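Asks: If you want the building blocks of each chain, they are given just below.
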Amino acid sequence: MTARNRRLLRRGAPALGVLLLALVPLTGDIYYQNMLIMTFVLAVLASGWNTMAGYTGYVSLGHSAFIGIGAYTAGVASAHWGVSPFLVAPLGGVAAALVALLLSVVTRRTRGPAFVIVTFALLELLGLTVRNWTSVTGGSKGLLMPLPTWGVDIQDWPFYYTLLGLLVLAVALAAGIARTKLGIGLVAIRDDEDKAAGIGISTPAYKSLAFMASAVLVGVAGAVYGYYVSFLDPGAMFDIVLSVEAVLAALMGGRGTVWGPVLGAFILEPLSEVTNSHLGGSDAGALRLVFFGGLLLAVTLLLPRGILPQAAEWLRRRRTRGATSPVGRRLADAELPATPVMRPRAQTEDTALLRLTGVSRRFGGLVAVDDCGFEVTRGSITALIGPNGSGKTTVFNLVDGTYPVTAGRIDFDGRRIDQLGPTRRTFAGIGRTYQLPRLFPSLTVLQNVAAACGEFRPGNLLRSAVSGAEAARATELLEFVGLGDYLTARATDLSYGQRKLVELAQVLMLEPQLILLDEPCAGINPTLIRRMAALIQALNRAGQTFLIVEHDMNFVLSLSDPVVVLSRGTVIAHGAPDDISADEQVREAYLGADFALDAATAGGTA
Amino acid sequence: MRPTAHAPLRRRPRLALCLGVPLLLAAAGCGASSTSHAGSGSGTITIGMSLPLSGAVADNSKSGYQGYQLWADQLNAHGGLLGRKVKLVVLDDGFTQSTAISDYNKLIGQQHVDLLLGTFSSFLNLPVAEVAERNKYVYIEPSGGADSIFARNFNYLFFAQPATTQNLPDQFVAQIAALPAAQRPRTAAFVTQDDPNTSEATKLFKDQLAKLGVKSVYDSTYAPDTSNFDAIANAIKQAAPDLVVQGALAEDGVSLIRSFQKVGFTPKTLFQTNSPSDTSYPDAVGTRNTEGVLTALAYSPDAPTPGNGAFVSAYKAKYSTVPSDDAANSYTAGQVLAAAVTAVGRLDQSAIADWLHKNTVSTIVGPLSWDAAGKPKGSLLLAQWQNGKLQIVAPAAEATSKQIEWAKPGWSQ
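So the protein lines, in turn, are chains A and B. Counting from 1, one number per residue, gives the positions in the first sequence under UniProt numbering. Counting from 1, one number per residue, gives the positions in the second sequence under UniProt numbering.
Just chain A, same shape as in the assembly (with noise of 0.2 Å):
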C-alpha cells in the first residue's frame, strides 16, 4: 500500500463509517438503533478513559462517575428550568469536567495501584451522595427525566443522532490531543512521570487538562443517556460495570490508541447484545458470565496490547521484513552540522550562573552530600568528578529538584531555587542528562525531542508536536546531534549510546542556561565519545554553560575548566585541569598515583 493511499484509507474509513452509522436509523429498526445508543455511550465512555488511562497512564475504575454527574445535573437542571435535558446536557459535561478537575487536583501526588482505589472511591463516594441528597436528586428512589415530546415516528433519532455527534466529537479530540505537544507531554508523563517534569513538562496542568478532557463529553454523553433511560437510579448511574466495560473495550482495542477503545466498543456491546438475546433465552445470564470471563482472560493472554496496536506492529512487520534496520548503521566520524541558535536570555551581573553554599543531603543516618560549596562560572565546561559514591549524581539531584536540600543554599541565575520544585528549575534553565538514558519509550525520537518545554505557555499545548515549529526545532536538534535519520524510529529501538544524543537533544529543545550531563561517555564507543566531545565543544563555542560528571579522566581533564573534586560529599578540591590531576589530595582519593593524562586520546576531537 502506498502512503496516499494510506492516507486516503485513514481519512476515508472514518468519514464513511459515520455515514454508515448515520443511515442506520432510517431502516426503522428500533433494536439497532437501542443497541448503536449503547455502542456510542460505551465508545465514548471507553474514549474518555483512554485519555486518562491510555495517554496520561492514570488508571481509573470509576470513570462511569461521569456518566452520572453529567446524567444528574441535566436531570436536575432539566426539572428545576422545566426544560428539555437536551438544552442542559452541556452543563452535564460541565459539571464532569469540574470533579475531574477536582480529582487531579486531589490526586496530585497520587499514582498505580493508589490512584485506582482513589477513582473506585469517587464513584462509590458520588453514587453515596446522591443516594443521600434526597432533596435534590430524590435519593434512593430516582429521578425521574422528562419524556421525550417528540412523535412515535421519529422513535430515537434524536438521541441516536446527539450520541453519535458526540462520539465523533470524542475521537476528533483524542485524535487532537494525541497530534499536540499536550498528547505527547501525557505519553511522556505514563512512561516517566518524574523524567517529564524534569525537561519542562508542568506535569500537574497537563494531568489537569487530561482528567478534564476525558471527562468532559462522557458527561454530555450521561446526560443523554440518563434522558434515554428516562429515569435516573443512584445504582445504575453510578454503576462500576459499566466502568469495567469501558475498561475492557479500551484494552481490548488497543489502549493509548485514537481508534481502539471506539473498536473494542463496537465489538464489546453488539457481542453482549448476542449473548443476551439471541443465544441465551432465558439462560443467558449464566452464558454472559462465562463469555465475559472468557473474554478477559482471551485479551490478557493473546492481546496485551490490544487489537489495534497488535495489527500495527504484525503490519509494519511484514512490510519492513527484509530491510535492514538503520539502527545498527555505523556512526561515522562526519562533520559537525552548523551549532543550533540558542535563544538569548537576560543575564544578571554575577559571572557564577550556579552556586551551591554550604549544601548537605541526608539519607536517613547516610550523609550523602556534606557542606558541598562550588560555582559553575558562566559560559564554563565544570566538571564534577570523584570516586564513586562521592556525591556527584547526589548533587545532580540536588540541583535538578529531584530531592529537596537537607541544609544550605542553591542559587542559579542571581535567584534562590532550592525551593523550587523540578519544572521551575528547568523552566528557570537547568537541562539535565542521565547516567542511564531516560527517554520515553512509547514515543518517537522526534517526539521525545518535542514534547520538552523551556518555559510554560498554555497556548503552547496545542500545538502540533508532529508538524510546525516545534517538530522543526526537535528535527534540527537532532540533525546537530547526528540523528537526522532516526526522527521516527522508537526511542527503545536505538542503541545506548545514540540514546544519549538523543537526549542531549532534548535537553537543549529547553533552551538551557546550565546542562547538567551526567556520565556522557560511560559505556559508549570511542567514536560517540568524540561525537559527544564535539558537540559539547561546539555549544560552548556557543556560549553554552556545561557541568558535567564523567569517569573517563581524559575526556574531561581535556574538555572541561575548571574541574571540581568530590569526595565524601565535600570539595576537596577546584581548580584547572593540570592542577587537579597534579594534586596530591586527589591522587590519593580518586585518580591513583600513577595518574597521567593521555594526550593522544584527550586530542583526539581537537
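If you are wondering where the hints come from, they were derived from the structure by calculation, not from laboratory data. Keep in mind it's a predicted model, so treat the numbers as computed, not measured. Heads up, some of the hints might be wrong.
[To be verified] Chain A is nowhere near these chain B residues, computed Cβ spacing over 10 Å in every case:
1) Leu75
2) Asn135
3) Gln166
4) Leu179
5) Ala181
6) Ala182
7) Asp194
8) Ser220
9) Ser280
10) Ala343
11) Gly410
[As the list claims (entries may be wrong)] Label pairs and their computed distance ranges (CB to CB):
12) A:Thr129 - B:Lys377: 33 to 43 Å
13) B:Ala231 - A:Thr492: 57 to 67 Å
14) B:Asn228 - A:Pro113: 22 to 32 Å
15) B:Ala181 - A:Thr129: 38 to 48 Å
16) A:Leu128 - B:Lys377: 34 to 44 Å
17) B:Lys215 - A:Asp153: 56 to 66 Å
18) A:Leu128 - B:Lys215: 42 to 52 Å
19) B:Ala151 - A:Leu128: 23 to 33 Å
20) A:Thr129 - B:Gly43: 49 to 59 Å
21) A:Phe120 - B:Ala373: 46 to 56 Å
22) A:Leu128 - B:Gly388: 34 to 44 Å
23) B:Thr360 - A:Ile154: 14 to 24 Å
[Claimed, not checked] Sample of chain B residues facing chain A (criterion: CB under 7 Å; computed from the structure):
24) Gln97
25) Ser98
26) Thr99
27) Asn105
28) Gly109
29) Gln110
30) His112
31) Phe123
32) Leu126
33) Pro127
34) Glu130
35) Ser148
36) Asp195
37) Pro196
38) Arg258
Quick reminder that beta carbons are idealized off the backbone N, C-alpha and C, glycines included.
Based on these hints, arrange chain B on the given structure of chain A.
Replies: Only chain B this time, still in chain A's reference frame:
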C-alpha cells in the same frame, strides 16, 4: 412478599459479554425462526418478556417466571388465546436497566411479538414501561408499584397487584382507628431501610398514625447493607414506644428482632413490611418469636379468592412448592392480559388498553380495576403471625383469622 417492587435494589456486576461468534450466529438462526408478526391472523401468539433471571435478584424472579409458564401452559391446555396457541419469548436482563431496555426494544422491533408482559421491580419497569408506551404496546407489570411509575400517566401500563405502596398502611391504620382511644398505641418508632418502597411506606405510616394521635418518638433510616442493628434497637428501647413500624425488605427484619432480643426490648405491637412473609422468616427468628408480628400482603396462598385454590394446587403439582408472591403476581398479569384480549377479540393494543381502563378483571388476587394511570384501585391484606402461621386478619372478607393480637408476647431466647 413484595407488595410493590422486587427486592433490594442491590446489584451484582452485569456480566454481559461474550465470545464465540460462530456459536452465536448458529443460535441466532434458531432464535429467528420463532418470531411472528403482530396482528397476523393465524399461528402462534407470541408474548415477549425480559426477566432478571440472572444477577442480583435471580433467586426471586425464578418463581415469577414459573408463574408465567404455568399460566401459559394452562391457557394452551384450554385452547389458547383467540383459538391460537401462545408462546412465551423470554429474555434475561440480568437485573440491568440498559439490558432490559435493549431486550424490550428487541422484542418489539425485531421479534415483533404480538403481546408483552412485564418484568420485575420498579427499577426495571420504570424505563421499560416508557419503551412500551412509546411503541404503544399494552404493558401489564407483575411488580413495580413505585409512585413515580404512575406519575407518568402512561396509557398502556397496568399494575397486576391489588394495590401499591400508597395503600400499604390502609388496613393496619384502619384497625388502629377502630380501636377505642385508650387501647391505641400512644407512641411509635419508625425505622426503615433506605429503599424506595420501604421508606415511602414507612413515611405514610407515620403521617397517617400521627393523625390518630400516635406520637413518633423515634424515626431513622438505615443503609441497605446495614447488618448490625444493636445501636438502633438500643435507641428504640430508650424511646420505649408502644408500636414499632419497620420498613424491612429481607434479612434486616430478622436482624432487628435479634437486636431487640439482645437489648431486651419487646414492643407491644410490631409491624414489618416484606420480611415476615419470607419463607425463611419463622426459622430465622424462631417460630415462637413470630407471634403477633404484623405485615401487609399483596397475595396469600390461603386467601379465599376465586381461582386461588386451584392456582395453588396446580402450582404445587408442577413445581412442588407453594407459589410465592412473584409467582402469583405474574400469573395474575397473565390472567389480566388474557381477559382483555379475549374480551376485545383481536390483538389491538389500543383497544386492549381501553378495555382494561373501563373494566374489572377477576383474578386470583381478587377483582382488579385501574385508574387512568394504570394504578390499581384495591387494597392489600393485613396479616399476622399467629401460632406459627401467617394469618390474614383484614379485610374481613378475606380473613383467615377473626382475631388480631394487640399485645405481643416477650421474646423467647
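Asks: Determine for every hint whether it applies to the structure shown.
Replies: Do the hints match the structure? See the list:
{"no.": "1", "hint": "Leu75", "verdict": "holds, 19 Å"}
{"no.": "2", "hint": "Asn135", "verdict": "violated, 7 Å"}
{"no.": "3", "hint": "Gln166", "verdict": "holds, 13 Å"}
{"no.": "4", "hint": "Leu179", "verdict": "holds, 32 Å"}
{"no.": "5", "hint": "Ala181", "verdict": "holds, 35 Å"}
{"no.": "6", "hint": "Ala182", "verdict": "holds, 38 Å"}
{"no.": "7", "hint": "Asp194", "verdict": "violated, 5 Å"}
{"no.": "8", "hint": "Ser220", "verdict": "holds, 13 Å"}
{"no.": "9", "hint": "Ser280", "verdict": "holds, 23 Å"}
{"no.": "10", "hint": "Ala343", "verdict": "holds, 26 Å"}
{"no.": "11", "hint": "Gly410", "verdict": "holds, 34 Å"}
{"no.": "12", "hint": "A:Thr129 - B:Lys377: 33 to 43 Å", "verdict": "holds, 38 Å"}
{"no.": "13", "hint": "B:Ala231 - A:Thr492: 57 to 67 Å", "verdict": "holds, 59 Å"}
{"no.": "14", "hint": "B:Asn228 - A:Pro113: 22 to 32 Å", "verdict": "holds, 31 Å"}
{"no.": "15", "hint": "B:Ala181 - A:Thr129: 38 to 48 Å", "verdict": "holds, 45 Å"}
{"no.": "16", "hint": "A:Leu128 - B:Lys377: 34 to 44 Å", "verdict": "holds, 38 Å"}
{"no.": "17", "hint": "B:Lys215 - A:Asp153: 56 to 66 Å", "verdict": "holds, 57 Å"}
{"no.": "18", "hint": "A:Leu128 - B:Lys215: 42 to 52 Å", "verdict": "violated, 32 Å"}
{"no.": "19", "hint": "B:Ala151 - A:Leu128: 23 to 33 Å", "verdict": "holds, 25 Å"}
{"no.": "20", "hint": "A:Thr129 - B:Gly43: 49 to 59 Å", "verdict": "holds, 53 Å"}
{"no.": "21", "hint": "A:Phe120 - B:Ala373: 46 to 56 Å", "verdict": "violated, 40 Å"}
{"no.": "22", "hint": "A:Leu128 - B:Gly388: 34 to 44 Å", "verdict": "holds, 40 Å"}
{"no.": "23", "hint": "B:Thr360 - A:Ile154: 14 to 24 Å", "verdict": "violated, 37 Å"}
{"no.": "24", "hint": "Gln97", "verdict": "holds, 5 Å"}
{"no.": "25", "hint": "Ser98", "verdict": "holds, 6 Å"}
{"no.": "26", "hint": "Thr99", "verdict": "holds, 6 Å"}
{"no.": "27", "hint": "Asn105", "verdict": "holds, 4 Å"}
{"no.": "28", "hint": "Gly109", "verdict": "holds, 4 Å"}
{"no.": "29", "hint": "Gln110", "verdict": "holds, 4 Å"}
{"no.": "30", "hint": "His112", "verdict": "violated, 10 Å"}
{"no.": "31", "hint": "Phe123", "verdict": "holds, 6 Å"}
{"no.": "32", "hint": "Leu126", "verdict": "holds, 4 Å"}
{"no.": "33", "hint": "Pro127", "verdict": "holds, 5 Å"}
{"no.": "34", "hint": "Glu130", "verdict": "holds, 5 Å"}
{"no.": "35", "hint": "Ser148", "verdict": "holds, 5 Å"}
{"no.": "36", "hint": "Asp195", "verdict": "holds, 6 Å"}
{"no.": "37", "hint": "Pro196", "verdict": "holds, 4 Å"}
{"no.": "38", "hint": "Arg258", "verdict": "violated, 24 Å"}
When each numbered hint is compared with the structure, violations occur for hints 2, 7, 18, 21, 23, 30, 38.
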